Amino acid sequence: MLPVPLRVVEANARTYRRTWKGSVVTTFLSPVLFLAAMGLGLGSLVDRETGARALEGLAYISFLAPGLLAATTMQTGASESSWPVMAGIKWIKTFDAALATPVGVPDLVAGHLVWVAVRLLMTSVVLVVVIASFGAVSLADALLAVPAAVLTGMAFAAPVTAYTASTEQETRLSSLFRFAIIPMFLFSGTFFPASQLPDWLESVAYATPLWHGVELCRGAALGTDATLPVAAHASYLLAWVAVGWSLSVRSLRRRLLP
Amino acid sequence: MKSTHRAAEPVDEAGPGPQNESNDRALVEARGLTKRFGEFVAVDAINFSIRRGEAFGFLGPNGAGKTSTMRMIAAVSPVTEGRLEVFGTDPATHGAEIRARLGVVPQSDTLDTELTVFENVYIYGRYFGLPGEVLRPRISELLEFVQLAERGDSKVEPLSGGMKRRLTIARALVNEPDLLVLDEPTTGLDPQARHALWDRLYRLKQRGVTLIITTHYMDEAEQLCDRLVVMDQAKIVAEGSPTDLIARYSTREVVELRFPVGVQERIGDRLDGLATRSEVLPDRVLLYTDDGDRTTAEITRRELAPESTVVRRSTLEDVFLRLTGRTLVD
Amino acid sequence: MSAQSLGLRVIPAAVFGRRARSVLERNLFVYKHIWIILFSGFFEPLFYLFAARVGLGQLVGDVRNGSGERIDYAAFVAPALLAASAMNGAVYESTMNIFFKLRYAKVYDGMLATPLGPFDIALGEIGWSLIRGALYAVGFIVVMWVAGLLQSPLAVLGLPAALLIGFAFAGAGMAATSFMRSWQDFDLVNLAILVLFLFSATFYPLSVYPPWLQLVAQLSPLYHGVVLIRSFTLGTLELTLLWHALFLAAMGSVGLAVSAFRLRKLLTP
Ligand SMILES: Nc1ncnc2c1ncn2[C@@H]1O[C@H](COP(=O)(O)OP(=O)(O)O)[C@@H](O)[C@H]1O
Ligand SMILES: [Mg+2]
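Chains as they are written, first to last, in our numbering: chain A, 1 to 258; chain B, 1001 to 1330; chain C, 2001 to 2269.
Hints were generated in silico from the structure; no laboratory data involved.
Bear in mind the structure is a predicted one, so any value in this text is a computation, not a measurement.
We put the CB at the ideal spot given by N, CA and C, even for glycine.
Take these hints with a grain of salt, some might be off.
Taking lysine-lysine and the DSSO-like style, the derived pairs with C-alpha atoms no more than 27 Å apart in a straight line are [unchecked claim]:
(1) C:K2106 - C:K2265
(2) B:K1164 - B:K1205
(3) B:K1235 - C:K2265
(4) C:K2106 - B:K1164
(5) C:K2032 - B:K1164
(6) A:K93 - B:K1164
(7) A:K90 - B:K1155
(8) C:K2106 - C:K2032
(9) B:K1155 - C:K2032
(10) A:K93 - B:K1155
(11) C:K2106 - A:K90
(12) A:K93 - C:K2106
(13) A:K21 - A:K93
(14) A:K21 - A:K90
(15) B:K1155 - C:K2265
(16) A:K90 - C:K2032
(17) A:K90 - B:K1164
The following label-pair restraints were derived from C-beta to C-beta distances [what the hints assert, rightly or not]:
(18) A:W200 - B:E1157: 41 to 49 Å
(19) B:P1158 - A:S44: 56 to 64 Å
(20) C:A2192 - B:E1081: 36 to 44 Å
(21) A:A100 - B:P1158: 52 to 60 Å
Taking the hints into account, I'd like the entire structure generated from these sequences.
Now the structure itself:
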């Protein structure tokens, strides 16, 4: 028999078999479109103008691609841990149903997060292949970025699960995306180096998990050194996963077993 | 859509008919009224006429065509064929004018879940073009009337089924309608809520509001309706007041007999001549008779020895089941 | 149909406006409870503008417009962001929200039991999208002005232009929504919006594309909106702008007509 958390993973996987088509758009096509529009389109301007200097001779699409990889796993990790979790708690109440069986709250959280990690892994591998086919980086190098991308996604999945579990209102979820996820998408080094930001914002950007994820992915894919040692970036992201994970268990327990 | 416009004064072109004399006071008048969805006939050439001030019922099993008829009267569903006049006008051309004088309680609530109780009635009043100063005092009265005065600021979702139904009624009354159309107003409610609703509807009727009610509850029809029609499979199969219908389609009393297991099957023709009509059901036997006591006496004399004998008055339910059959409709 | 009933169909047209207003009022009441959603919609284009200014602008430098003049990158992108946010606001309001009201909340069934008709509803909902869009547009134009990105007083025309974009997309969005069957269909809407957002001369001039792609991009309704607003904020007025405006007006009108027709079909079978 499967260990308890894996049974939760299985349940998620079965649902996904029915709904995967929709997620193709958000998790796969949208980075491809960004890569085409910004990497190729805008890139042709950047490479011609002053940008070539700012990026130290790197083609813009090569700069952008690993950043988009990290940003996409952030989006996937966060959205998989917001609306589906809210649905489990409140709309369809699948969590209540699961808790009426031998599944406990920690199993539920573990099952959910392991499932998100599986999703992140699938997404990252597909994306890496696409990035390579754009000629942005070589496939072998890009594959090195996959673990970093998954870790980045998890650094969002865990805390967002905790956030969702502790909020009653759906509107807070939209606010999370509008005021946290989208600004990070734009300012954490995905589209341009965070060093271009005004100083106060620059320090904020360095505190975001996405910046560390982008640094890791870019370092791995381009074979360059990240700003900090790899271990430092990775530990920072792991800390978000660990804290988010334990807070998730706490909030979910409070919410479902009052 | 195929329907001709007519002048405000109804001119009966169908020729002299049994209902003709009441025409001048008819609020709703249907002749050969038909509704088709594609090939499917939901309402099949029905005739009825509803007078000002009465409570008129449409009785019938699920799928009989009650809702389809209500929606045509409420001018939200085009008439396929035949003639329909509401307030002496044609819904096809005067839909907005008709709806302005109508209150509608649809079969399933269409309350606005994004608004509070008060706002639901207020905005609904605004749809009728009523100004805020008229609405505010009227809504306080209406919420009082449907016993929701304390819940004005509550959202709709947490309300119980009965409360939602009452709110829908308050909303339907906001334009002070001349005609209130209620489609299964009490289906799904508990007994307390049903009685509370009946009470409110009775008061409305006393105030002179004309009511059209569909239901498949016989007690509701008996309680509320002055006159009713029984619909089955898109047609009207009977028409009259509740007492009329019982007199016409049933007997004064019904004797219900239950026999020990296995006995009923062997009873054969020993019931012959006991009653005007008898009906053998899987679990009991019904004897329709004008004198229940005489029938029971005869049963004892014939030594039929039923396990239990119940004599009751005939109800609309007996009429209904006789007319529409006992097979389950879903 | 007799002349009399024809008259009755024409005269109420005068009161359509008044009836549709009550639909607007309903939405105003709803957003009283969730104003934060309304408010937060203002920020996304601001974030993008800021990113264009401090980030991409430094990478790209200046861009050249059709006549070869150099334009500051942020001043180039800002009008496109205004156009895109008008599109986003209108599409969100006219797709997800209307789908919810149509299929789940049964809001329109309630409305149709009153003197309101399908056309009043379509008009009222699109009107509401426009009001919402106007709020964002005014805010964004003020921000552009403060940031010194307006190069012409003609920029005030950016507001009506944004409303025109809103009208075009609200009409089209509502018409499309009336054909949708499930929430999954909205993934396609999101995809379409993203494609339009990224490829309508938003972040760089069309001259970046090969000629055939330039032709394709001109099919994008957002492209017409971007050109319109950009001409106003940069102060380059041309007669061809009429064509762009006409395109958007036609798109909105067809959308409105189809929406009303479809609502009647769906709600009054
Ligand atoms: N919009 C529709 N399209 C097709 N068939 C319909 C529609 N509305 C009702 N019907 C059919 O018409 C018949 C009568 O329905 P209805 O008037 O709702 O009956 P009742 O209210 O008496 O239960 C039913 O068989 C129903 O399935
Ligand atoms: Mg019905």
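Unmet hints by their number, sorted upward, for this structure: 15, 21
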